[in-house]
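Following the hints, position chain D against chain X.
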Amino acid sequence: MIRDYQAVLDRVTRVGKIRAALLVSTADGIPVAEVAMEGLEGRVVAALAASLARRVERAARSAGRQLPVFIHLQGAEGEILTARCGADLLMVAVTEPGVNAGLLRLEFHRAIELVG
Amino acid sequence: MRAIEPWVAGPLETFLSESSARLTLLMTSTGQVVAQHGFTRAVDVMSAAALGAAIVASTEEIARVMQVPAFRALTHQGRMGLFLSAFNAPRGRWIGLVVYGRDTSLGLVEVFFDRMVEDLRGAAPPQAAPKPVLADDFESELHANLRTLFGR
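Protein sequence lines correspond, in order, to chains X and D. Per this note's numbering, the very first residue in the first sequence carries number 198; after that it's consecutive. Per this note's numbering, the very first residue in the second sequence carries number 528; after that it's consecutive.
Check the hints yourself; a few may be wrong.
What the hints assert, rightly or not - Only part of the chain X face toward chain D is listed, based on derived beta-carbon distances under 10 Å: (1) Val-221; (2) Val-241; (3) Ala-244; (4) Arg-251.
Claimed, not checked - Take a look, some chain X residues computed to stay more than 12 Å from chain D by CB distance: (5) Ala-204; (6) Arg-216; (7) Gly-236; (8) Val-242; (9) Val-253; (10) His-269; (11) Gly-272.
Treat the hints as calculated values from the structure; they're not laboratory data. Please read these numbers as outputs of a predicted model, since none were measured by experiment. By construction, the Cβ of each residue, glycine as well, lies at the ideal position given by its N, Cα and C atoms.
Isolated chain X (complex conformation) (with noise of 0.2 Å):
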């Protein structure tokens, strides 16, 4: 396991189009470590996203199901990409239309796993 949270985002960022890559706190919805293309707030990705990856987590849960591993939203003008990274921390990545989601989501494998 490492703590290099920045080293683990710089290998997400290396999939192409990627806008942010960030680790959230998934309690506080306040972001850990990010890389983020200029006029992307963090912090407002960060909110939103664990936000969102609760929401879905409450759904799963109602429906009975089991907790999502990757949640993949797909917009007009971008993606958002979502990952848990153990209890406490979300990996999300905001992504331009048309993202390589296979290969960003094998990065993600490997960065949850360096992250533990």
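Only chain D this time, still in chain X's reference frame:
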């Protein structure tokens, strides 16, 4: 939600719906209540306003003594969260006190609180000419404001 100044209502309602805050109190830096949501008893509002203003005054004084910039916000986290922040409003320095539950997060409260502050700055009408400190209608206005805040 009850507000003494009508132009405060819109920004505050947006904040409440976006942040899912349980209790919210907007007050001046002297503890005078401007708007409230979620409180049912006048005594609770007045106590919270007085204590919130006192906490902000204390932390600003600590910052002054320590020769550091004033703290932007103060948060307490437990079963419920408490967020307290002073900001420059069109009518002077105001304080926001927010209590939130587990259905939201500190990040969301912070983000939408900052948006509310921006909305308040945009919503404020031009200030009317100042009245005398104790105007003729002081008593009736006081009662009207209390009725507005507590619906009595």
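Checked hints:
The beta carbon of Val-221(X) is positioned within 10 Å of a beta carbon in chain D (closest approach about 8 Å), and the interface hint is therefore held. A distance limit of 10 Å between C-beta atoms decides the matter here; for Val-241(X) the minimum to chain D is near 5 Å, and the interface restraint holds. About 3 Å separates the beta-carbon of Ala-244(X) from the nearest beta-carbon of chain D, less than 10 Å, and the hint is met. Hint status for Arg-251(X) relative to chain D: holds, with the closest Cβ pair at about 8 Å, below 10 Å.
Every C-beta of chain D lies more than 12 Å from that of Ala-204(X), the closest at about 24 Å, which supports listing it as non-interface. The Cβ of Arg-216(X) sits about 18 Å from the closest Cβ of chain D, beyond the 12 Å cut-off, so the non-interface label holds. In this structure Gly-236(X) is separated from chain D by more than 12 Å, as the shortest Cβ-Cβ distance comes to about 16 Å. In this structure Val-242(X) is not separated from chain D by more than 12 Å, as the shortest Cβ-Cβ distance comes to only about 10 Å.
The Cβ of Val-253(X) lies farther than 12 Å from every Cβ of chain D, with a closest approach of about 14 Å, so its non-interface assignment holds. Listed as a non-interface residue, His-269(X) keeps its Cβ farther than 12 Å from every Cβ of chain D; the least gap is roughly 21 Å. Distance to chain D confirms Gly-272(X) as a non-interface residue, since its nearest Cβ pair spans about 19 Å, more than 12 Å.
Checked against the numbered hints above, the structure violates only hint 8.
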